[in-house]
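Trainee: Respectively, the protein sequence lines represent chains A, B and C. With this note's numbering applied, the first sequence covers 1 to 296. With this note's numbering applied, the second sequence covers 297 to 1119. With this note's numbering applied, the third sequence covers 1120 to 1319.
Read the hints as simulated data drawn from the structure, not as lab findings. Cβ coordinates follow ideal geometry from the N, Cα and C atoms, glycine included. It cannot be assumed that every hint is accurate.
[What the hints assert, rightly or not] Reference excerpt, derived from the structure (chain B facing chain C, CB under 10 Å, subset only):
{"hint": "1", "residue": "His-418"}
{"hint": "2", "residue": "His-467"}
{"hint": "3", "residue": "Leu-506"}
{"hint": "4", "residue": "Gly-814"}
{"hint": "5", "residue": "Gly-898"}
{"hint": "6", "residue": "Gln-995"}
{"hint": "7", "residue": "Ser-1018"}
[To be verified] Heads up, incomplete: computed chain A residues facing chain C, CB under 10 Å, no partners named:
{"hint": "8", "residue": "Met-1"}
{"hint": "9", "residue": "Thr-29"}
{"hint": "10", "residue": "Asp-30"}
{"hint": "11", "residue": "Met-32"}
{"hint": "12", "residue": "Ile-35"}
{"hint": "13", "residue": "Pro-42"}
{"hint": "14", "residue": "Leu-45"}
{"hint": "15", "residue": "Arg-99"}
{"hint": "16", "residue": "Gly-287"}
{"hint": "17", "residue": "Ala-288"}
{"hint": "18", "residue": "Arg-290"}
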Amino acid sequence: MDFLRPASWEEALAAKAEHPTAVPIAGGTDVMVEINFDHRRPEYLMDLNRIADLTEWEVGADSVRLGASVPYTGIMEHLSTDLPGLALASHTVASPQIRNRGGVGGNLGTASPAGDAHPALLAAGAEVEAESVRGRRLIPIDAFYTGVKRNALEPDELIRAVHVKRAGGPQQFSKVGTRNAMVIAVCAFGLALHPGTRTVRTGIGSAAPTPIRATAAEEFLNAALEEGGFWDNGKIITPSAVKRFADLCAAACDPIDDVRGTAAYRRHAVGVMARRTLTWTWESYRGARRTTEGAA
Amino acid sequence: MTATGAPTGLTQGSRTKGGIGESTLRPDGVLKVTGEFAYASDMWHEDMLWGQILRSTVAHAEIVSVDTGEALATPGVYAVMTYDDLPTDVRHYGLEIRDTPVLAHGKVRHHGEPVAIVAADHPETARRAAAKIKVEYRELPLVTDEASATAPDAVLVHEHRTDRHAPHVPHPNIVHRQPIVRGDAGAAAGRADVIVTGDYHFGMQDQAFLGPESGLAVPGEDGGVDLYVATQWLHSDLRQIAPVLGLPEDKVRMTLSGVGGAFGGREDLSMQIHACLLALRTGKPVKIVYNRFESFFGHVHRHPARLHYEHGATRDGRLTHVKCRIVLDGGAYASASPAVVGNAASLSVGPYVCEDVDIEALALYSNNPPCGAMRGFGAVQACFAYEAQMDKVAKELGLDPVEFRRINAMEQGTPMPTGQPVDSPAPVAELLRRVKAMPMPPERQWESSRGADVRQLPGGLSNTTHGEGVVRGVGYAVGIKNVGFSEGFDDYSTARVRLEVAGGRPLVTVHTAMAEVGQGGVTVHAQIARTELGVAEVVIRPADTRVGSAGSTSASRQTYVTGGAVKHACELVRERVLETGRRKLGSHHPAWATAELLLEGGKVVTDGGEVLADLADVLEDEAVEAEEEWRHRPTEPFDPRTGQGNGHVQYSFAAHRAVVEVDTELGLVKVIELACAQDVGKALNPLSVVGQIQGGTVQGLGIAVMEEIVVDPVTAKVGNPSFTDYLLPTILDTPALPVDVLELADDHAPYGLRGVGEAPTLSSTPAVLAAVRDATGLALDRTPVRPEHLTGTASQDPPGGARNVTSSAPPGASAKSRSARGT
Amino acid sequence: MRVNLTVNGRPQEADDVWEGESLLYVLRERMGLPGSKNACEQGECGSCTVRLDGVPVCSCLVAAGQAEGREVVTVEGLAEYARQRAAGRTPGAPEARAGESASLDAARRWQAGGTDSQTGENIELAPIQQAFLDAGAVQCGFCTPGLLVAADEMLERNPDPADEDIREALSGNLCRCTGYEKIMDAVRLAAARRSEGATT
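With the rest of the complex left out, here is chain A (with noise of 0.2 Å):
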């Protein structure tokens, strides 16, 4: 095994072209798992700590570009205002010391389908930043995950940030476990209302070979609000179209049963989790709604 250590970006894309088997390495808390338990023992391990853009954060206008490695922990603390849902999924991850130390680039890397970003990411919007010494490109996150642990990244890529869409309205993520911290998701959820779109996207995690959205879900939920005018009325959303809402997220999954859950508890807490985040969103909504109009 060999140790890169590249002091700056630049240097990391040489070695990644040069030697595309090399393992990067930022929080080490999924590496060095593998590495420990003898599960993994690749010839070169790249490490990004050195690069300290990769821990830089900027607010755009419409976007915020947050590096790879700035750690959870951060985005709990800086970013809960801009990326909302993001900032929720981040404090369920593991353990404080686990969130000082990891971040969305090594989530994405690693695209376990029990990733925590990985729903709040689907919900918002995003887009990876992926970069090789051939050039730079945005991958939109919908096209990111291909399969059970893989993505879209070329050998030779590396992920420098990942470009998320600033909130326009409220997010909630919720995370099903059997223990009330630090616990890898049995099944977890993202919603994001995009009240500028008037949209609603969604992201479900650990309930399908890959994170996903619930599309359907997604389609039917936009078209009743319009239908509604719920998103000008700021009405509460009709029982039966919350249910219904609920049940195609359900249906969007396909989950197995292992040692975590079985495949139909996990459908069945995706209902429940896409009623209550839709529940505690809306009402947020339009409260928020009643705010500016109190205010106007």
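Place chains B and C on chain A using the hints.
Mentor: Here is chains B and C on its own, set in the frame of chain A:
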């Protein structure tokens, strides 16, 4: 804390500061908080090698061939050993039945069984070399449950059994079976107004001590070996290790190194023999440290169990009879299974009066992971089931569950199902009364002006509910556990106590082989010495095999038995000191001959408080030392057919009240409070006693809602050998734990004390389950109860056994567990 | 490979480090600082918690090479770290006391403690260490080093924590012996002593 009852036994009082009854602090505490306490895995030696174990990747197979050539040729590798390299004809070990091969021979009987061992100059070199050992297996049919164990054509897990249980078991795949028949349960059933039956399933729990199995073996110049190891019982290890090495016991010198928890999981050997073999083979010190993955394969677990119960009661709430059948899965090797069976059978009715019982408990041999000792063994499984039954009967009768228990509660003098009367206080009703009387935690504590605090809600930080679906439930349970080794075992301990004057100050040295595993035995020994010898300064020597056996740190027995031995040795020392004083100074004061004399504050004083002499003047340069074995009252075996007999020496009792909040839609449980009342006879160190009760309580909470080793019923492989998927309660899963300590002396025990460690682990689990049943209205016949059981989404097969299961990796090979943090 | 880092204020160098080694292994096996514990090696128990450039992390999940040039504080340096913090100096500066190598003598060492080892008198401890002793928060002690580092850092950020804040901050540190109640007591005690100290 409430204290009633008086201390008993002959003691000279505790007027010297730091004696019994005080919450003195741990003598090893400072080293533990500064990081300097040397645990087994911290041992280091110049020029040492690292040992690695190659374990089986299948559960039951013939070993066709083992090729170690490539491993041996690896640079940095000093030795590779298999069964064929063992130095003597003694190639098996075991606590009671020597059925466990040091290294697999001919076949493997469970997933993760040691097949070969390697020593190399770096752990990674050892791992790589172990991976190069080629083992060819031919898989055999599996025994995984009672049906497959006792089928007419069942494969025998162990052929040619010669152990003492073999003649009386109905099938060679049954390790031990204990029936108990008392009265006439069949006839009594006729008097019952209600009869309630139930089938229960208890999952496999892991001790999950935090300090993984480790040790360092250093070859001696005399051909012997020094072994520094974390264990629960040095002399039991020694008895098993020495014959395999072909060494006399005095050439295997064992020293207890720091032990990072035990809970039963270190009663059996793990790496001890392997480290010694490699050290003797290479002539170099060898250190072995399991990682967490290996630790799950490296020690026995708590027996999973299937329990069938029938309870009858009259309309006025009196039990008529209890019938039960408890099937424990002992896995591939016997370990402590016979004792677990004895406890399960004899304690199967719980702390209740019932004259007519028909009981059967047995343990299977199977190809599942070996199971053995864990905190409260046998009694824990039974308590989960009989307390569920007590709630069911109460409900059937329309009685309050606590009132129904009170009506049937045993008291001092009540005979056990074994016919043995309980001959010390049994405050079962009082303990229940006390937990019930504690104030209830306020409702909806999670609600505040800032909204819901998810940390106080089911799901916790995962943000699954802001109050939706949350229902509160309350449950009660009480249990009975035997203290000490039972069924005629010669359960003794040894203590060496020395009193001398050093630098003008009296000093006591206490030396025992007691394994301090965290329970605080060392604290208590110093307290006993201060009380008995009136000397402030006490040094506790490290435990080793240079002193006689202390017995195991298990069965809630060490304060009783080794504490008793220390007390006894101190009394002998005191007598000898007074004798010396009388001889040397008797002529100086008449009180030497006439008064009751005490040692206090480093002086000899009369019971009236008059100082006769300084210890320095009595002893001068002389050191007074006593080493004695000490035994509790003898017990006797249970009759193999009727189960009758005075099998236990003492019982301990605890009761719990659990308050839970359940997210009934998602099936997530938050335990809000878990209150305990326990009778401890006499709290020698109240702080430690409460710590034991709280720790035991939370281990019971773990069994109730999250802890289970998942074994695939098709492959008998372990599905979750990691802390990612074997979940222990975190501090956010743990509620407030109020404790009410009762002190009703047992006149037969030193200071009236009662073993503390295990009882709280019994009643905690059924109390939580009862509370969850109360909240959900569901029957819940298994533990742990998982979200799918609370939401009607469990699959037909148990988790891990279902189709599409994410299979586990064999030890040492690549795993498919989905890590998901992001880096 | 060679790795240079500062541990408890003292420059340290390790040679022949295997590239897959963790910071935990290097501390324990190469630098004679076994105080950080190896309970799970997968970031699930927190017993290896150290501060890396001030931030609590699981040292089992930091590749040794990643610690190059960085500042590490382990439980062995906690008392000195707390002392310097209390004195208003930047903790982690040189002169901090490093632990000693765990030799076989260490197995026999704790007998020598005498009165001091029971009370902590005359031995300089961080307030959180003393609170753990006084509250009975130590049993087997294997989780203790990680908990101390985590709790000390939490109190640094949040000197007056609510119970739920304590629970959240320590949710990455498993303890199997105590049931956590006395750990809660210890942190509450340390916080209370600190606020008393601040007002008197």
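Trainee: Would you mind marking each hint as holding or not holding in the structure?
Mentor: Outcome of the hint check:
no., hint, result
1, His-418, "holds, 7 Å"
2, His-467, "violated, 36 Å"
3, Leu-506, "holds, 4 Å"
4, Gly-814, "holds, 3 Å"
5, Gly-898, "violated, 14 Å"
6, Gln-995, "holds, 8 Å"
7, Ser-1018, "holds, 6 Å"
8, Met-1, "holds, 4 Å"
9, Thr-29, "holds, 5 Å"
10, Asp-30, "holds, 9 Å"
11, Met-32, "holds, 4 Å"
12, Ile-35, "holds, 5 Å"
13, Pro-42, "holds, 9 Å"
14, Leu-45, "holds, 6 Å"
15, Arg-99, "holds, 9 Å"
16, Gly-287, "violated, 25 Å"
17, Ala-288, "violated, 27 Å"
18, Arg-290, "violated, 30 Å"
In this structure, the hints that do not hold are numbers 2, 5, 16, 17, 18, in rising order.
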